[in-house]
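Chemist: Residue numbers (the numbering used here), protein chains in the order written: chain B, 1 to 84; chain H, 1 to 454.
If you are wondering where the hints come from, they were derived from the structure by calculation, not from laboratory data. Cβ atoms here follow ideal geometry from the backbone N, Cα and C, with glycine treated the same way. Errors might be hidden in some of the hints.
[What the hints assert, rightly or not] Interface residues of chain B toward chain H, partial, derived using beta-carbon atoms under 8 Å:
hint, residue
1, I10
2, E20
3, G23
4, V24
5, L26
6, I29
7, R48
8, L50
9, A63
10, T70
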Amino acid sequence: MKTMSQHQQIIHDTLRRVAEEEGVQLGTISDSSALIDNLGFRSLHIARILAILEIEFSRDPFASGDVPITGLRTVGDLCAAYER
Amino acid sequence: MQNLATLIEGWADHTEGTAIVCDGATLTYAQLHARICHWRKQLQVAGIAPGACIALRGQVSGDMIGLLFALVENANVVVPFLSASNFEVEEALETACVDGVFEFSNDGISRYTHCGYGRSHPLLDRLRSEPKQAGLILFTSGSTGKNKASVHRFSRLIEHVLQKPGAAYRTLIFLMFDHIGGVNTLLHVLCNGGTAVFVADRSVATVCHAIESQRVQLLPTTPTFLNMLLISDQRQGYDLSSLELITYGTEPMSLATLKALNQAMPGVRCKQTYGLTEVGILPTRSEDASSTWMKVGGQRHETRIVDGVLWIRTDAAMIGYLNAPSPFDQDGWLNTGDKVEERDGYLRILGRESEIINVGGEKVYPSEIENLILQVENISDVVVSGKASALTGQVVFATVQLIVPEPTVQVERRVRAHCREHLPAFKVPVGVGVSEDPMFGARFKKIRRPARTA
């Protein structure tokens, strides 16, 4: 079982990895960073982030309907979804 | 019923109403009429005869829309190539038997080039034999990776719109008119005296800015964009109070997204649309704003359900594909491939019956991606399938078998890099897995196991 800090670390690493691949310039990542408005991710970037996290955590809380996708605004929301 | 000629002539005196807003420039209906008159003469000067296939490329402008209507009047076959993700354009021009291309640059200058692919084709010849019938060729994804060129009777599509007058909305043009939904929107707006507001890109900020600055009333869009709109806080920085109606289509809508949309924009009516490149956009009526159930079809659009799959017959259907067999049966019915549920005359779209992957409304055929991935070093076999995504409906996922062992991260990087080089972004697999299990069934048919149904 991964600890919460491990979860956060994996999520932050995933955000950086996808940003690097897609040429998105990331500033500092914090829980309050908005995925679209602050970090500059677009729909396919977020879809890829969720696909990578599904491999990491063996679940996708958004596709399963446990967490509504429309409630996903910030990095903190993303971390919280996988901590449930 | 009004016809196109009298409608266009009526625009000459319409000096107040704005027809088009594009890149900050506005064009009244009278100015649009003047552009059409200009292009009538230019078509004569260039010697473009009725029946010729003419492509439009480059930056959309009021001038380009003027040319579009002049080409319709001249009974030409229009081939719009407007999306940035147009790969293999030269091959597509040849497939569409294009005689010449009008290219519009960002500074508003247009250039005509004769390209010499014009030729006889049974479908085009049939269209050309019909009096004053303009054509329209739209491209749709093909199962082999080659896009299919569908031939429509453009004049008939316009007639359908003119038959049912509607409200004159200020409307955001979300899909361009190289997509059947974009054609339908543009015709409805201009035939009803509304305003077509074009945007440079489909980001949340650009769309919200256009809604605020142009007081847009109707936003025709996709569930994927609505998800992005709801996830982003940017919409709160804009005045979207002019919005009266949001229509959504091209992919199934989740009830959760629809409910969130209703909560976020309680004064805005939401309506689902349904259409396919092959049969055009059908009349629909949502059960209510918060329901994904809708009535589909009407007087000239028949529907039936066979084994849970929707079939459609309409006289607005395309004539056929230039480069593929006809998908219609002998009675003119099209199997849409869309699984539906029915309740009291209302339908709910469940998703594709076939293996086509729908990424935010864009269709992807697995075999196209598989053929490309097989070119990558150290890959012995591959299966591409759709994977459920809460954001875009589905995403593309590839599972590969290797010739010699290699770390998965490295394989994924190489496969994605190769795909990115050759494919538009929505077709690039979001993930690549390595499997040691056989990927064929007993009959040597590829086993595509979606992670979940969208």
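Chemist: If any of the earlier hints don't hold here, list their numbers in rising order.
Modeler: 1, 2, 3, 4, 5, 6
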